Amino acid sequence: MVNDKRHWTESSLHDFIYRIGSDFISQIEVKLEEGSLTQKSLALKLKVSEGAVSQVLKSPGNLQLDTMVKYARACGMKVSVLLYDDGDKVNERGPIHPDIFRVCWEISGRPSDFFALPARQLAAFAVTGEAAMTEEDGMFYLRNNRSVNIATKIKRNVRFSGSYATTASQGQQ
Amino acid sequence: MRMPDICSVEHVRNGALRGVGFLIYPSNHNVTARETFYGLHEEEQKHFRVSFDYWVDGLIQPRRFHGWNKSEFSGQYKRCFVFKQDEHRLYGFLLHPKDEESRYQYCLLAAYGWKVQQSTEEKYLRQCTELGDMVPVHRAVKNLFNKSRGGKNGKR
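Chains as they are written, first to last, in this note's numbering: chain V, 1 to 173; chain E, 1 to 156.
If you are wondering where the hints come from, they were derived from the structure by calculation, not from laboratory data. Remember, it's a predicted structure, so these values are computed and weren't measured experimentally. Careful, some of the hints might be misleading.
Coverage of chain E stretches by chain V, computed from C-beta distances (three or more under 8 Å per stretch; other residues unrestricted) [said to hold, decoys possible]: (1) 25-32; (2) 51-61.
Quick list of the computed label-pair ranges, beta carbon to beta carbon [to be verified]: (3) V:A52 x E:S74: 40 to 48 Å; (4) E:H41 x V:D4: 20 to 28 Å; (5) V:L37 x E:S102: 32 to 40 Å; (6) E:L40 x V:E50: 24 to 32 Å; (7) V:H14 x E:M3: 20 to 28 Å; (8) E:G67 x V:H14: 30 to 38 Å; (9) E:E87 x V:L37: 21 to 29 Å; (10) E:G67 x V:A52: 31 to 39 Å; (11) V:L37 x E:L40: 30 to 38 Å; (12) V:A52 x E:E100: 21 to 29 Å; (13) V:R110 x E:I60: 16 to 24 Å; (14) E:M134 x V:G109: 46 to 54 Å.
Derived pair list, reagent style EDC-like, types lysine to aspartate or glutamate, alpha-carbon separation capped at 20 Å [to be verified]: (15) V:K5 x E:D86; (16) V:K58 x E:E72; (17) V:K58 x E:E87; (18) V:K58 x E:E43; (19) V:K58 x E:E44; (20) V:K5 x E:E10; (21) V:K70 x V:D23; (22) V:K58 x E:D86; (23) E:K84 x V:E29; (24) E:K84 x V:D23.
The C-beta atom is built at its ideal place from N, Cα and C for all residues, glycine as well.
Just chain E, with the same shape it has in the complex (with noise of 0.2 Å):
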């Protein structure tokens, strides 16, 4: 059974305090985001870069993406996060993976959707807070980040 994996999005920066990057787990079939979103058309695929681009900038931009807090779904789900194009959604975890610096957070998109009614919903999250849980994602969490510590330029 193949492991975990986390790469960036290619082309776009990982900021000082944030980071988006896909989950690649090929024995998990609910794990679809990263095959998805680089099979998608090419403007599909620019709004999203804009949006990725945003939230390492830390730009509030709620049409583009948002999280879910603690007065939703019973705050189950306060980790998930979303990116949105039209129908087209990227579901992900948050995750704050620096031990040296506890304000840095990562984005780890999991699952694609295609949204069909107006709430959200939530079998993306119910995955996505299962696979955020999964020690073999952390491991691979960890793994990045150790090896960016380590690496020659510091940089993934």
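Chain V with its partners taken away, still in its complex shape (with noise of 0.2 Å):
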């Protein structure tokens, strides 16, 4: 049974696939709304026409990684994927727009990596499935079960204290 209150995200892969190249787009665009940035700069940077850039501009069904990728880097930024669970498993709500997680992102104090996350956002923090935030004796572990590569990069128990990510041997806010 069809569910009539899909969103129309879900009508094809490709109404998808439209919707994730318009979002990266409009960020592009807000790029070039700045001013810092014009389409005949970005095309002079991309070495292409202003015809081709604006037809990438308009074409966001067809979009391919690599110009993406192209296009962040032309405009001095970097391009992330994301995998999220918003509970809306059968997508009545649509996607959620990149920049709600950018800003998220900039709200945290733009982190690098896992150190730099605020303790009190790391505790509600699963990895992966398989490595989780737990406390103990009033101290955060990150730990991992399975995943090798994870226990490779965090190396060591990572200790928290107040709000800022220490590691066991720095000892640093």
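Could you use the hints to bring the two separately framed chains together as a complex?
Dropping the structure here:
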């Protein structure tokens, strides 16, 4: 039975892709609106014609990953790909715009790694299904059960004090 | 004479603080937005659906949609709103229909326009302002939100 409350992006794979592509382009357009970059200068950086840039910006359903990376880098930015679970399994609400994730990242102080995440946020944060934050004796620990890669990156239990992440050996705030 | 009615945009969610819908008013020949929208090419519709999503989510995207502030047209059209895609224009007006949530905004789309000149086609803004003042339209809005409050799932 078709769920008639489904969001339009659930109608087809292409529709979902169209929306994701639009989300990316909307971020590029904000950079263009800010005035520090024009379509002309973007085209010059990308070594393509202005018409080619215009065509990309008008075709959100046809965006390729390499194009997204090239455009992000030409804007002096980076791009990430994110999986998330908003509890909306049947997709009635549509995708969450990436700017919401970006703003949350900025509010968190632009952390570049897990050690930079404030402890109170990490306490509620599961890295993967295999590693999780636990609290013991007032200290927070990042524990890995199965993922060797996570253990390698963390190297040791991460201990937190106050609202900042520290590493046991560095002892810094 | 058939009274106006309101319908949601199919498969576009209404958020906690914003919603979008079409005015249906068969006896008013200025109300053309819904019929035109559903007659647009699929890709053109998708562009608008993305814009509706963005507005409902609170994004600011002047290339896709905007209103008019008090410094424009002497502030006559502050309630008006437009969604844009190339030369296509869907004009409507903004309402605050929920007594229990004064921040909630509903954009009721009424008129379709094809942009032929740089400046805004004021006639559409006048039409939307007039529609926004009509008692039958207000009654239709009130019916919609009273039904939503008392309905099974509270959503429309």
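Quiz item: Which hint numbers does the structure go against, in order from smallest to largest?
Solution: Hint check: 1, 7, 12, 15 and 16 fail, others pass.
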